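If you're matching positions, the sequence shown starts at 1 in the UniProt record's numbering and goes up one per residue.
Keep in mind that the hints were calculated from the coordinates and are not lab data. Some hints here could point you the wrong way.
Below, a list of computed lysine to any residue pairs in the SDA-like style, where the Cα atoms sit at most 25 Å apart [to be verified]:
(1) Lys-58 x Cys-28
(2) Lys-58 x Thr-4
(3) Lys-10 x Val-22
(4) Lys-58 x Leu-43
(5) Lys-10 x Met-39
(6) Lys-10 x Thr-44
(7) Lys-58 x Gln-48
(8) Lys-36 x Asn-16
(9) Lys-58 x Trp-8
(10) Lys-58 x Met-39
(11) Lys-58 x Val-29
(12) Lys-36 x Val-22
(13) Lys-36 x Ser-11
(14) Lys-10 x Asp-24
(15) Lys-10 x Pro-41
(16) Lys-58 x Glu-21
(17) Lys-10 x Trp-50
(18) Lys-36 x Phe-53
(19) Lys-10 x Phe-45
(20) Lys-10 x Ala-52
(21) Lys-10 x Arg-51
(22) Lys-58 x Ser-12
(23) Lys-58 x Asp-2
(24) Lys-58 x Gly-31
(25) Lys-36 x Ala-23
(26) Lys-10 x Gly-40
(27) Lys-10 x Val-20
(28) Lys-36 x Pro-47
(29) Lys-58 x Asn-16
(30) Lys-36 x Glu-21
(31) Lys-10 x Gly-31
(32) Lys-36 x Asn-25
(33) Lys-10 x Phe-53
Quick caveat, the model's predicted, so the values are computed rather than measured.
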Amino acid sequence: MDLTGATWRKSSRSGNSECVEVADNLPCVVGVRDSKDPMGPVLTFTPQTWRAFVAYTKRH
1 MDLTGATWRK SSRSGNSECV EVADNLPCVV GVRDSKDPMG PVLTFTPQTW
51 RAFVAYTKRH
């Protein structure tokens, strides 16, 4: 998966702690990675799947 141009961000709620980072600025894919290992593996999701996940976590 080509993530060239991805803009990585982490939740403002995480403060200075290490956590996951999300790149949701690409048109066809959302990337998720460990902020401690930015060169490590990346999980990828369709934008629809990512929105469903976020909606679910907000409800629970």
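Q: Determine which of the earlier numbered hints do not hold for this structure and return their numbers in increasing order.
A: Hint check: 2, 10, 23 fail, others pass.
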